[in-house]
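For the protein sequence lines, the chains are A, B and C, in the order given. Throughout, the numbering used here is defined as the position within the first sequence, counted from one, plus 230. Throughout, the numbering used here is defined as the position within the second sequence, counted from one, plus 82. Throughout, the numbering used here is defined as the position within the third sequence, counted from one, plus 1.
It is worth saying that the hints were derived from the structure and are not from the lab. Here the structure is a predicted model, which means the values were calculated and not measured. Worth double-checking, as some hints may not be accurate.
On the chain B side, residues computed to face chain A include the following (Cβ under 10 angstroms) [what the hints assert, rightly or not]:
1. D105
2. L113
3. L115
4. G123
5. Y131
6. I135
7. W149
8. T156
9. F161
10. M166
11. Q174
12. M175
13. H295
14. L296
15. Y309
Calculated pairs, SDA-like style, for lysine to any residue (alpha carbon to alpha carbon, straight line, at most 20 angstroms) [claimed, not checked]:
16. B:K141 x A:D269
17. B:K180 x A:P244
18. A:K250 x A:T283
19. C:K520 x B:A94
20. B:K231 x B:E138
21. B:K141 x A:A275
22. B:K180 x A:L249
23. B:K231 x A:V265
24. B:K281 x A:L245
25. B:K180 x A:A246
26. B:K180 x B:A94
27. C:K491 x C:T421
28. B:K231 x B:F146
29. B:K231 x B:S144
FRET-style restraints, in silico, Cβ to Cβ [as the list claims (entries may be wrong)]:
30. C:T284 x A:S287: 35 to 45 angstroms
31. C:V327 x B:S204: 51 to 61 angstroms
32. C:M323 x B:A154: 45 to 55 angstroms
33. C:P148 x A:T283: 32 to 42 angstroms
34. A:I256 x C:F135: 49 to 59 angstroms
Yeah, the Cβ is synthetic: ideal placement off N, Cα and C, and Gly gets one too.
Listed below, chain by chain, are the residues.
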Amino acid sequence: MAHTHGDSEHHIIPLAVYLKVFAALIFLTVITVWVTRFDFGAFNAVVAFFIATVKASLVLGFFMHLKYDNMMNRVIFFSGVFFLILLYFFCYVDEATRIIEKSTL
Amino acid sequence: MSTAKTRTHHHAHHYESATHEYDTSKQGMWLFLVTEILMFGGLFVGYAYFHHIFPEIFKIGSTFTDWRLGAANTVVLLFSSLTMALGIYYTQMNDRSKARLMLLITILCGAVFMVIKYFEYSHKIHLGLMPGSWYTADAQAVLEHAKEKFPGLTEIPSNLPLYFSFYYMMTGLHGIHVMIGMGLIFWIWLRMGRGWYGKDHYTGVEGVGLFWHLIDLIWIYLFPLLYLVT
Amino acid sequence: MAHAATHHEGTNYLNHERGLWSWLTTLDHKRIGILYFITVFFFFFIGGIFALLIRTELFKTGVTVMGPETYNQVFTYHGAVMVFLVIIPGIPAFLGNFFLPIQIGAKDVAFPRLNLMSWYCLILGAVFAVSSLFVGGADTGWTFYTPYSISLKPGVVLMVVGAFIAGFSSILTGLNFIATVHKLRAPGMTMNRIPLFIWALYSTSIIQILATPVLAITLLLIAAENIFQIGFFDPALGGDPVLFQHFFWFYSHPAVYIMILPAFGVISELIAAFSRKTIFGYTAIAYSSLAIAAVSFFVWGHHMFVSGQSEVAGVLFSVLTMLVGVPTAIKLFNWIATLYKASINLASPMLFALGFLFLFTIGGVTGIFLATTALDVHLHDTYFVVAHFHYVMVGGTLMALVGGLYYWFPKMFGRMVNETLGRVSFFFIFAGFNVTFFPQFVLGAKGMPRRYFDYLPEFEHLNQISTIGSYMIGIGFVVVFIAVIHALLKGEKAGDNPWGAKTLEWTTSSPPPHENFLKTPIVTAGPYEYR
Chain A
231 MAHTHGDSEH HIIPLAVYLK VFAALIFLTV ITVWVTRFDF GAFNAVVAFF IATVKASLVL
291 GFFMHLKYDN MMNRVIFFSG VFFLILLYFF CYVDEATRII EKSTL
Chain B
83 MSTAKTRTHH HAHHYESATH EYDTSKQGMW LFLVTEILMF GGLFVGYAYF HHIFPEIFKI
143 GSTFTDWRLG AANTVVLLFS SLTMALGIYY TQMNDRSKAR LMLLITILCG AVFMVIKYFE
203 YSHKIHLGLM PGSWYTADAQ AVLEHAKEKF PGLTEIPSNL PLYFSFYYMM TGLHGIHVMI
263 GMGLIFWIWL RMGRGWYGKD HYTGVEGVGL FWHLIDLIWI YLFPLLYLVT
Chain C
2 MAHAATHHEG TNYLNHERGL WSWLTTLDHK RIGILYFITV FFFFFIGGIF ALLIRTELFK
62 TGVTVMGPET YNQVFTYHGA VMVFLVIIPG IPAFLGNFFL PIQIGAKDVA FPRLNLMSWY
122 CLILGAVFAV SSLFVGGADT GWTFYTPYSI SLKPGVVLMV VGAFIAGFSS ILTGLNFIAT
182 VHKLRAPGMT MNRIPLFIWA LYSTSIIQIL ATPVLAITLL LIAAENIFQI GFFDPALGGD
242 PVLFQHFFWF YSHPAVYIMI LPAFGVISEL IAAFSRKTIF GYTAIAYSSL AIAAVSFFVW
302 GHHMFVSGQS EVAGVLFSVL TMLVGVPTAI KLFNWIATLY KASINLASPM LFALGFLFLF
362 TIGGVTGIFL ATTALDVHLH DTYFVVAHFH YVMVGGTLMA LVGGLYYWFP KMFGRMVNET
422 LGRVSFFFIF AGFNVTFFPQ FVLGAKGMPR RYFDYLPEFE HLNQISTIGS YMIGIGFVVV
482 FIAVIHALLK GEKAGDNPWG AKTLEWTTSS PPPHENFLKT PIVTAGPYEY R
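Only chain A is shown next, with the shape it has when bound in the complex:
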């Protein structure tokens, strides 16, 4: 049989790792709230987005086992993210280069 499908090794992540990841997630949630006290101007959104992405990576890597999963599942996940960015990119290009009177609200 052509085992093109890699047999997964049924990796079991130790309990301690789960607990550490959870602690890190709670810590990062505190950071998320804490950074809103500072004004980074245009970078506020970037900072919030960056912290959220770190948290998301922890959930993906450990809770969702993607760190120990096969390459194909990682490719599948990241292709979803890539095409989402694509949707945003072109919408943004259009919106940012339109020559219209900007809202004066």
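Following the hints, complete the assembly by docking chains B and C onto the known chain A.
For chains B and C alone, coordinates are given in the frame of chain A:
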């Protein structure tokens, strides 16, 4: 709770082995998660798009969300993600009674999340902070409230309801997923009580777990977007 | 490969179980394929009647058989039914479901229950879409453009919900196919030995997974706009209708490739089998399918040149759109190179394949015209566009669907389609198609706008030619129907491999047994090793 009885799982006829079936099912689940990401993604892109055109309405709108409730819900969901992961862990360890306890805690966390959400919703509905043309909030009261954070404000943008459209659509779709997730975990919990799942066969637990973590993942982004916009 | 299954007469997937209930609850991919076959052709009949009504109305200026309101509904239902219920599920869910597992030597698709569920999703979606007729109907066109589509019409809501549910059918089929191709290939069936039809379906599935969810959320928002006036796309509430078009075309442009890529796959099979020659450029054709799938996500803005999107975006999308021509032309040149010095058998499936090459080329090249912004501003929303996409969707996809049906019919039902009926149907469809749609290029270039129930008197002659052509297509499909019924009742018994083709489905019996193969095939060679 009779977890003593163990049922053996026979893989479907078109697979060679249980591992083959497990790998394929997990891949199918990841493919499904991608569709979820892109579906929610449409709302995120819409948010970014309008945030770029009308940043004010998002700033003013977010003063009506209580970050403490949002943070509480974040912790609840993160904790439920931990218990879900532990549910899979104990299934892998063949300890079904601990695994079922973890699943039960996960469902409870989902319920707590929804209750907090309910209070948030009813508060906003009470103030008339509804989406689109259903918006009935008193303009003066909204201005007074927004002035607490933005003292220089003289006027409320006419399309402020758009923020609440995003708020309700995003949290609403997310909330529907939370409830579906709770239902699925309950189903797994029942089956485990009847002797299904164990160290050699936990595909269902893993799949539902992935779905639950995705719900958490989406909330991780929703929290700063809706509660902490500055 | 040995004819392992020939002496297993008697039981096959058709008589494995009996009764209507066994069909409605079947998990066998072949039976689900047949369910799709019946469904798709039923809706094709409905959509076809709407098409003939449109053409009949346009036979003369003024009111011919219906008023403008009815006309708007008729073209909306024609478009929505044909797109969501016929062309999108057409080849992948019918021929794909039946042959994808067999061609890679699998016993079934990865998730048989999801496969059945996807058929029920399509039916449920169709029920919603049709029920909109009873609450005033929908007249937005199949594109549901805002703000018109959010003006509180219950018919539009039901139609949109129907399309939303049908979308899940598409997603589940795509998910199933990707997992099946990744995980269930027979021993020796490496990725560079899978038939080109599989490559095409695989690429299609990628689009279905990545694009359809965005349509789902867009349609959900349209429904929410109608019910709750949430205002995302409503300029009166501060929203932006152009954002709707971005979201809609992010799905609907790749969806055009959901419609045409499987047709490319069928054509690759037909050209190889009836040329009796190793296909030229297997790798190029295979990877160009993936390339088309990828590029399709970068070009959606060419539907929006006159929508109010920025000029920068317009130029960007225009240039990117031209890129689609490259992988598409690679396919076309490879097919033509396969035909060179081949022992061509002009059986009816091959006639449809050659017809495809001719019509699709016209459809594709006019697409490049339309990608040019300056020209598109002139031709946008004229009959030129109508002619262009019918050359691709009908001249491409439907030709491949009928060709594929004739080609695989012996395998599916164990009986041959009558060759004379096949040729007669080809003549009427091919000739009728050109008579219908070629004049529309001229009409469009002269400025006749699409979706109008009336036109200027000088356009009457060409419109009459076009209407006569549409009747010819109608006759052609009646002949297809007769050919299928005739084959089912009186068709000559087919052997395991009536065409002498080399792909795996021809090594099992006709019709195939319940488990596809009595013994799991071991693959040792590529799919087209003729000479």
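Going down the list of hints, with the structure as the test:
1. About 5 angstroms separates the beta-carbon of D105 of chain B from the nearest beta-carbon of chain A, less than 10 angstroms, and the hint is met.
2. About 6 angstroms separates the beta-carbon of L113 of chain B from the nearest beta-carbon of chain A, less than 10 angstroms, and the hint is met.
3. The restraint placing L115 of chain B at the interface with chain A holds, with a minimum CB-CB distance near 7 angstroms, inside the 10 angstroms limit.
4. A distance limit of 10 angstroms between C-beta atoms decides the matter here; for G123 of chain B the minimum to chain A is near 4 angstroms, and the interface restraint holds.
5. For Y131 of chain B, the suggested interface contact is upheld, since its CB lies about 5 angstroms from the closest CB of chain A, less than 10 angstroms.
6. For I135 of chain B, the shortest C-beta to C-beta distance to chain A is roughly 6 angstroms, which falls under 10 angstroms, so the interface hint holds.
7. Evaluation of the W149 of chain B hint against chain A yields a held restraint, the C-beta minimum of about 6 angstroms falling below 10 angstroms.
8. Residue-level restraint check for T156 of chain B holds (minimum Cβ-Cβ distance to chain A is 5 angstroms; threshold 10 angstroms).
9. Residue-level restraint check for F161 of chain B holds (minimum Cβ-Cβ distance to chain A is 7 angstroms; threshold 10 angstroms).
10. Hint status for M166 of chain B relative to chain A: holds, with the closest Cβ pair at about 7 angstroms, below 10 angstroms.
11. With 10 angstroms as the threshold, the beta carbon of Q174 of chain B comes within range of chain A, its nearest partner Cβ sitting at about 5 angstroms, so the hint holds.
12. The interface hint given for M175 of chain B holds, since its Cβ lies 8 angstroms from the closest Cβ of chain A, which is under the 10 angstroms cut-off.
13. Annotation: H295 of chain B was flagged as interfacial toward chain A, and the flag holds, the nearest CB pair being 5 angstroms apart, inside 10 angstroms.
14. Of the supplied interface hints, the one on L296 of chain B holds, with its beta-carbon coming within about 8 angstroms of a beta-carbon of chain A, less than 10 angstroms.
15. About 9 angstroms separates the beta-carbon of Y309 of chain B from the nearest beta-carbon of chain A, less than 10 angstroms, and the hint is met.
16. Proposed proximity of K141 of chain B and D269 of chain A is supported: the alpha carbons are some 13 angstroms apart, at most 20 angstroms.
17. Between K180 of chain B and P244 of chain A the CA atoms are separated by roughly 16 angstroms; this keeps the pair inside 20 angstroms, and the hint holds.
18. Between K250 of chain A and T283 of chain A the CA atoms are separated by roughly 18 angstroms; this keeps the pair inside 20 angstroms, and the hint holds.
19. The straight-line distance between the Cα atoms of K520 of chain C and A94 of chain B is roughly 17 angstroms, inside the 20 angstroms bound, and the hint therefore holds.
20. Annotation: proposed proximity of K231 of chain B to E138 of chain B holds, straight-line Cα distance about 12 angstroms (limit 20 angstroms).
21. A hinted pair counts as satisfied when its Cα atoms are at most 20 angstroms apart, and K141 of chain B with A275 of chain A qualifies at roughly 12 angstroms.
22. Restraint check for K180 of chain B and L249 of chain A: the C-alpha separation of about 16 angstroms stays at or below 20 angstroms, so the hint holds.
23. A threshold of 20 angstroms between alpha carbons decides the hint, and for K231 of chain B with V265 of chain A the separation of about 17 angstroms falls inside it, so the pair holds.
24. With a C-alpha separation of about 16 angstroms, the suggested pair K281 of chain B and L245 of chain A falls inside the 20 angstroms cut-off, and the hint holds.
25. Taking the CA atoms of K180 of chain B and A246 of chain A, the gap is near 16 angstroms; set against the 20 angstroms cutoff, the hint holds.
26. Straight-line distance between C-alpha atoms of K180 of chain B and A94 of chain B comes to about 28 angstroms, which puts the hinted pair past the 20 angstroms bound.
27. Restraint check for K491 of chain C and T421 of chain C: satisfied, since their Cα atoms lie roughly 14 angstroms apart, inside the 20 angstroms limit.
28. For the given pair, K231 of chain B sits about 11 angstroms from F146 of chain B by alpha-carbon distance, which is consistent with the 20 angstroms threshold.
29. Of the supplied pair hints, the one linking K231 of chain B and S144 of chain B holds, its CA atoms being roughly 10 angstroms apart against a limit of 20 angstroms.
30. Restraint check, T284 of chain C to S287 of chain A: a C-beta distance of roughly 36 angstroms satisfies the suggested window 35 to 45 angstroms.
31. Remark: the range hint 51 to 61 angstroms for V327 of chain C to S204 of chain B is upheld by a beta-carbon distance near 57 angstroms.
32. Range check, M323 of chain C to A154 of chain B: about 53 angstroms between beta-carbon atoms, so the 45 to 55 angstroms window is met.
33. For the pair P148 of chain C and T283 of chain A, the supplied restraint of 32 to 42 angstroms holds, since their beta-carbon distance comes to about 35 angstroms.
34. In this structure the supplied range 49 to 59 angstroms holds for I256 of chain A paired with F135 of chain C, their Cβ-Cβ distance being about 54 angstroms.
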